[in-house]
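**Student:** With the hints as extra help, turn the sequences into a complete structure.
Chains Y and Z, in that order, are what the protein sequence lines are.
Using my numbering, you'd call the opening residue of the first sequence number 1 and step up by one each time.
Using my numbering, you'd call the opening residue of the second sequence number 1 and step up by one each time.
Quick caveat, the hints were computed from the structure, so don't treat them as lab data.
Possibly wrong hints are sitting among the right ones.
What the hints assert, rightly or not - With the C-beta cut set under 8 Å, the calculated list includes, among others, these residues of chain Z facing chain Y:
(1) H17
(2) E304
(3) L311
(4) G312
(5) M313
(6) R314
(7) V342
(8) L343
(9) K396
(10) R400
Said to hold, decoys possible - Just the calculated beta-carbon pair ranges, DEER-fashion:
(11) Y:P92 with Z:I281: 51 to 61 Å
(12) Y:H32 with Z:I299: 49 to 59 Å
(13) Y:E24 with Z:I299: 36 to 46 Å
For each residue, glycine too, the CB sits at the ideal point set by N, CA and C.
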Amino acid sequence: MIVELERSIGSDTPANSVAAPGKELARLTGIHKSYMQGQVQVDALRGVDLSVAEREMLAICGPSGSGKSTLLNIIGLLDEPTSGNIVMAGNPVLGMTQNQRADFRSESVGFIFQTFNLVPVLSALENVLLPLSLRGKLDKHSTSHATLLLEQVGLKAHLHAMPDRLSGGQRQRVSIARALIGRPRLVIADEPTANLDSDTSMMVMDLISSLRRDFDTTFVFSTHDERILGHMSRVVQLRDGRIAQG
Amino acid sequence: MMNTFSLALRNVLRNRHRSLASILAIATGLAAINLFAGYIAHVYGGLQIQAVAGERLGHLTILKSGMLMEGKLHPKKYMFDQAEMARVRKVVEASGGVRLLSPRISVSGMASNGNASTIFIGEGIVAEDSRMLREGLYDDAGGKLDPAQKYGIAVSADLAKLLHYQVGSTVTLMTSTIDGQANAMDAQIIDVFNTGNANTNDKYLVMPFSFVQVLLDTERAERFVVLLADETQLEAKRKQLQSQLAAAGFDVEIKTWKELSSFYTQVRNLFDMIFAFIASIVFVIAAMSIANTISMTVIERTREIGTVRALGMRTFGVVRLFSFEAAWMAAFGIGIGLAVTVLLAWLVNRSGISYVPPNSSYAVELLVDLDWGRIGMVALVVMLLSLAAAILPSLKAARRNIVDALAFA
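**Tutor:** As structure tokens, this is what we get:
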């Protein structure tokens with residue numbers, strides 16, 4: 001597998017701002033995020049400008065507390081910034097209602113979680129079909145499509161296995177298939193290898209890279225796992241809520 | 001393939017221990033309330049038979065307006081004379097749906113055995129009418145008259161005991177005519193019976209209608225008792241007869257057996273109030289149990305809720321999911337409660353338990369009917385309350401910040 005690592009640090013790029021190398025999928029401008037932790041105000045993001053290109057594999061790295069998960073949640077429309085602007089595929093998304101955001105995520109965003117987050121009462125196949133079910137898009141082809149996806153992630157023999165019968169790596173592969181079933185334009189992966197051993201992590205990342213090409217999808221990762229950075233097309237470093245390097 | 005309904009079922013089964021607590025709470029409460037509803041339904045049925053056939057009230061009673069208030073002071077004015085009796089009969093029989101129209105007259109006075117006297121209240125009824133009223137319902141209840149015995153009367157058991165009467169005894173009845181003259185006649189006791197009511201069992205007589213007319217020196221009737229072919233038409237028939245008799249020139253009031261049987265009304269009011277009280281307790285327990293279970297489930301599944309919301313489930317979708325879970329628990333509770341009700345009703349009805357009800361002069365068997373109307377109503381209320389109880393905790397879960405939900409440990 002050839003992985004091209006692009007580091008787009010240009011002399012004309014302003015500090016705390018990173019432009020996308022290709023056609024833009026998402027643009028975040030002047031993103032601030034503050035929240036209260038007890039009596040203390042925490043400034044998780046302090047004016048982040050970031051552009052995400054279509055079909056790229058973007059990693060947001062940084063130490064714990066640097067704001068990478070917060071930034072990922074904002075890109076994935078799970079959270080709203082305190083201030084700033086977000087444009088997704090040319091459409092401003094701030095000010096959307098909860099349900100509008102839910103619909104947008106359902107249509108355009110897939111999620112891979114650190115702890116897999118499979119629904120425990122659903123089989124592997126049913127978990128993969130869940131996003132289509134929530135969207136009301138289940139049809140006669142859905143099951144064969146989901147089956148194919150599970151075959152692609154190497155779980156042909158575990159279609160009807162319940163999550164508690166699967167290993168961590170297998171659950172994450174179900175989670176990847178679930179993220180891709182709706183052919184989203186963007187997949188958010190929050191530390192997807194944090195709960196996996198080294199071999200499984202590499203296998204999962206190889207799988208994601210391969211599927212990214214097949215599905216023509218943008219992946220944005222948060223990670224502090226140096227081993228997976230080699231799979232990325234771009235890496236953005238966050239420190240103290242600001243982009244330190246991108 | 002799964003939908004919200006089957007997903008909810010799987011979640012209920014997954015949390016089977018907690019779900020079972022709610023299901024059993026609903027089932028137990030429902031069985032208790034259904035059995036009580038079945039018991040009072042049987043009591044109501046018994047009281048209806050007692051009133052319509054036992055007390056010979058029929059379904060409707062036609063009186064001249066004012067008879068109940070002023071009838072004792074001006075009996076002639078408020079009684080039906082022979083011509084009026086014929087006209088009333090013509091109107092009522094022409095209206096259809098009437099099995100029996102029976103003229104009645106009541107009387108009171110002193111009954112004597114030659115040595116001692118006591119008060120009596122008597123009801124004059126045509127012997128054939130009495131038999132028809134009790135046909136099939138109350139054949140073995142006693143208090144029968146014989147059409148061949150013009151002066152043959154039936155005496156209530158405690159009155160017979162007081163005056164040492166027995167079948168074949170002669171009794172002297174003293175009363176005043178409707179013109180206020182004293183009158184006395186001898187009657188032959190042809191039956192001794194239990195009225196079923198401690199208040200009347202020491203003074204009640206059933207007498208031939210024509211005998212009472214002679215005793216009161218009148219050819220009139222005090223009122224008419226109507227037995228309907230279809231008792232469910234009670235109110236409709238009352239309205240119909242009221243307007244038809246008014247059109248025929250009669251100023252009458254028509255009372256239903258429920259209005260005339262004060263005992264039935266009192267018992268019904270009491271039991272209905274007890275039922276409402278028990279039902280409200282059961283409803284509160286069911287709702288609180290469901291709310292508690294859903295609240296705990298919501299907390300346990302916070303991350304799962306965050307996940308499905310991240311994947312695109314709308315606020316209403318979360319509420320719907322937990323409402324369906326509440327509905328499943330309620331449905332299981334209702335189903336088990338119903339099975340327990342049927343089983344216990346069957347056991348109770350075969351146990352032969354008997355008791356003496358208040359105001360009764362004899363023991364009755366404890367029997368439980370299945371009152372499907374009330375069972376259905378209670379099940380519906382439990383279902384609706386369960387759904388309502390799930391809304392608040394699930395709405396709270398649906399509105400929780402997704403990021404916080406996903407980070408929930």
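**Student:** All hints, please: hold or fail.
**Tutor:** Going through the hints against the structure:
At a threshold of 8 Å, the smallest CB-CB gap from Z:H17 to chain Y is about 15 Å, leaving the interface hint violated. A hinted interface residue such as Z:E304 counts as satisfied when its beta carbon comes closer than 8 Å to some beta carbon of chain Y; here the least separation is about 6 Å, so the hint holds. This hint holds: Z:L311 has a C-beta 5 Å from the nearest C-beta of chain Y, less than the 8 Å allowed. A cut of 8 Å between beta carbons decides the hint on Z:G312: the least distance to chain Y is about 3 Å, and the hint holds.
A cut of 8 Å between beta carbons decides the hint on Z:M313: the least distance to chain Y is about 5 Å, and the hint holds. A least Cβ separation of about 5 Å between Z:R314 and chain Y falls short of the 8 Å threshold, and the interface hint therefore holds. At about 32 Å, the closest approach between the beta carbon of Z:V342 and any beta carbon in chain Y exceeds 8 Å, and the interface hint on this residue is violated. Taking 8 Å as the C-beta cut-off, the interface hint given for Z:L343 is violated, the closest approach to chain Y being about 32 Å.
The interface hint given for Z:K396 is broken, as the beta carbon of that residue sits about 14 Å from the closest beta carbon of chain Y, more than 8 Å. Using the Cβ-Cβ criterion of 8 Å, the hint placing Z:R400 at the interface with chain Y is not satisfied: the shortest such distance is roughly 11 Å. Evaluation of the 51 to 61 Å hint for Y:P92 and Z:I281 yields a pass: the beta carbon distance comes to about 55 Å. Remark: the range hint 49 to 59 Å for Y:H32 to Z:I299 is contradicted by a beta-carbon distance near 32 Å.
Between Y:E24 and Z:I299 the beta carbons are some 41 Å apart, a value that agrees with the proposed interval 36 to 46 Å.
Checked against the numbered hints given earlier, the structure breaks hints 1, 7, 8, 9, 10, 12 and satisfies all the rest.
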